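Listed below are the residues making up each chain.
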Amino acid sequence: MMIPVECYFALSALLFFIGVYGFTTRRNLIAMLISVELILNAVDINFAAINRLLYPNGNEGMFMTLFVIGVAAAESAVAISIIINVYRKFKSDSVDAIQNMKR
Amino acid sequence: MANTVMFIILAVFIIGSALMCVTTKKIMRAVTYMLFVLFGVAGIYFLLDYTFLGAAQIAVYAGGVTMVFVFAIQLVSKRTLQGLEKRVKASKMVTGALAALAGLAVVTLILVKTGFMTQEITGVEVPMKEIGTALVGSGKYQYVLPFEFISVFLLACIIGGLVVARKEDKA
Chain A
1 MMIPVECYFA LSALLFFIGV YGFTTRRNLI AMLISVELIL NAVDINFAAI
51 NRLLYPNGNE GMFMTLFVIG VAAAESAVAI SIIINVYRKF KSDSVDAIQN
101 MKR
Chain B
1 MANTVMFIIL AVFIIGSALM CVTTKKIMRA VTYMLFVLFG VAGIYFLLDY
51 TFLGAAQIAV YAGGVTMVFV FAIQLVSKRT LQGLEKRVKA SKMVTGALAA
101 LAGLAVVTLI LVKTGFMTQE ITGVEVPMKE IGTALVGSGK YQYVLPFEFI
151 SVFLLACIIG GLVVARKEDK A
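Just so you know, the protein sequences line up as chains A and B, in that order. Using the working numbering, the first residue of the first sequence is number 1, and each one after it goes up by one. Using the working numbering, the first residue of the second sequence is number 1, and each one after it goes up by one.
These aren't lab readings, by the way, just hints derived from the structure by calculation. This one's a predicted model, so the numbers in the text were calculated from it and none came from an experiment. We put the CB at the ideal spot given by N, CA and C, even for glycine. Hints should not be assumed to be uniformly reliable.
[Unchecked claim] DMTMM-like, lysine to aspartate or glutamate: derived pairs with alpha carbons at most 25 Å apart:
#1 B:LYS89 <-> A:ASP96
#2 B:LYS25 <-> A:ASP96
#3 A:LYS89 <-> A:GLU75
#4 B:LYS129 <-> A:GLU75
#5 B:LYS140 <-> B:GLU125
#6 B:LYS140 <-> A:ASP96
#7 B:LYS113 <-> B:GLU125
#8 B:LYS167 <-> A:GLU60
#9 B:LYS26 <-> A:GLU60
#10 B:LYS26 <-> B:ASP49
#11 B:LYS167 <-> A:ASP96
#12 B:LYS26 <-> A:GLU6
#13 B:LYS140 <-> B:ASP49
#14 B:LYS92 <-> A:ASP96
#15 A:LYS91 <-> A:GLU75
#16 B:LYS129 <-> B:ASP49
#17 B:LYS113 <-> A:GLU6
[As the list claims (entries may be wrong)] Label pairs and their calculated CB-CB ranges:
#18 B:MET128 <-> A:CYS7: 52 to 62 Å
#19 B:GLY115 <-> A:ILE82: 22 to 32 Å
#20 B:LYS92 <-> A:MET2: 39 to 49 Å
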């Protein structure tokens, strides 16, 4: 028995908007970055489910997910290094503490 | 049947962990719940017979990205990171919840109105040989250019991260 593709879409939509909620409510840079990772994972589930259940003859969705995982790793590394630098300059990691971009 | 039970377990696990992740007060717990979400998503890939994808998810995300987060939290002073909820205003929370619910309503409407043509699948996983030849081949539906681009991109990100995060000289 197969799980209908709508179930995957519902799961992915819920995960995506939980991430959106976290991104809008958190005022902490690292917590916001964690929410972005949740959103990226929701999109990955969509790619994999569409590829497997709607277009099972190709592999494009799988490779897209692989590249998204790679790009997400790079993105989080750069973002973390920027956050550490921001913390060094402003002595805080809250977005409210950053008033101007150059100091 | 077993697939359905597995999917329900994974879905509840993922959604519960994600909710805890965005509402918990302690940043270290948020990272741990994110790790649970990543493992759950890897389980979804295994359920879809994308074994390689699940392995990559665990190796890169659960092994790599989470470690980067933990190191960053240890480097940034823990005192400023505690009490995440205290700094959140109630109006902000309402705005965020409204935005998320509005988006969710729109997506649900589109999903309900759209019919999907689910194809019968043979239920076999993609063979490793096919993945390897597709990743480094240059023909149609082969991905050598993005593959090489990702490698250069990762290198650039490592160097960029080092340059951004290094201690600047007194000048």
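- Taking each numbered hint in turn, which are not upheld by the structure, reported in ascending numerical order? Result: hints 4, 6, 7, 8, 9, 10, 12, 18, 19 break, sorted rising.
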